[in-house]
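Asker: Sequence:
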Amino acid sequence: MSKIKSILSYNVMNYMSNFSTSIQQVKAVNSIVSCRTPNMGSHKLSCDCGHSKVVSNSCSNRHCPTCGSFKKELWVNKQQESLLPSHYFLLVFTVPDTLRSIIYFNQKVLYDLLYDSVSKTILDLSKNDLGVIPGFSLILHTWSQTLMFHPHLHCVLAGGGLSKDESFFKSFKKKFFLHVKVLSTVFKGKFLDGFKALYNNGDLKFPYDLQFLKCHDDFASFIDDLYLKDWIVFSKPVLKCSNHVIKYLGRYTHRVAISDYRIVSTENSKVTFSYLDNKDGGKKKFMSLTYDEFMRRFLMHVLPHRFVKIRHYGFLTNRFRAKKVALCRKFIAKQSGVVLTVTPSIHKFELLINLIGKEKLCCPNCGNFYTYVHEVNLN
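My numbering applies: residue 65 is where the sequence shown begins, and numbers increase by one.
If a hint is listed, it holds; no wrong ones were tucked in.
Distance windows between CB atoms, simulated:
(1) S285 x D193: 29 to 35 angstroms
(2) A284 x N103: 50 to 56 angstroms
(3) D193 x K348: 35 to 41 angstroms
(4) D288 x K349: 32 to 38 angstroms
Cross-link-like lysine to aspartate or glutamate pairs, in silico, DMTMM-like; alpha carbons within 25 angstroms at most:
(5) K293 x D341
(6) K239 x D188
(7) K228 x D180
Keep in mind the hints are simulated off the structure, nothing from the lab. C-beta atoms are modelled at their ideal positions from N, C-alpha and C, and glycine is treated no differently.
Please work from the sequences and hints to get the whole structure.
Answerer: And the structure:
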């Protein structure tokens, strides 16, 4: 059994009876606890030789630490169709810590504002300063190394863009996209403009300790302070080729707040896990939390229902992606002679074999693959 599943299973009743939880948090816990048990239903694998076995279903909840691997492999495999023979940039956009509790209380609208502000920052600066339409993907993470609420967006940006008239591909400098100070200032302005609009429309809720912000004068002072703060943006050219992009996407896209490998022990009614202290040079350290506090932190990162976590922009917008990517590849090949050899997509059955091993999909009686799958029970 997964360590995290074991922690939740052991403490779920105690936690639910003592702490308030959202519907989505309850669903996430129930799914993780029931994952690959009869409570989640089951299916029967049958072989032509007559042998069969019943297997419990997985929960497929995106917050489950044991269910994301196959979805991740399918998604990453699909992204090979959109790669360019170009360098790539990694950017990270963060918000001041004074905004975090407000974002937590208004997750759907303020997550959307975060995506909107970052995407428009990159699109507008690319168009106005560089004269191109960029291609990039944004991925939301909400956690710090110690599982505290720390919403930020990761951006994977192609190292060039289509000209406005789509007549050529313009490469960016390999070590530099745009100055982070410019990115930070524009991002700050766009986010706070949207934040003020939501406030004026009455679309924001405030936590107990920030109820005073309902007063317009206090809110105005709060906004003034936010304008004075530095909004941290990281930018680095870490992705040098398509293989690096695929590996990066695999690490970050379907990651959950914490995985089993970081859990050190669950003794004496406490969960001890490892983390990297970025304020101390990335040193590996350990933290112990009560079961309740561990669950509280874990559940802070359950996303709203049907929330789209990975979003694509510019020439990677879903509607035009195939056409625009083909155009970019054509121009790159013509301008620099560099042609990307696209790795054919792997069939999902082959991906499954690579992930869990052939033996789990083969009949122990004759050695052939199971040929039929039947739902036999779904609770």
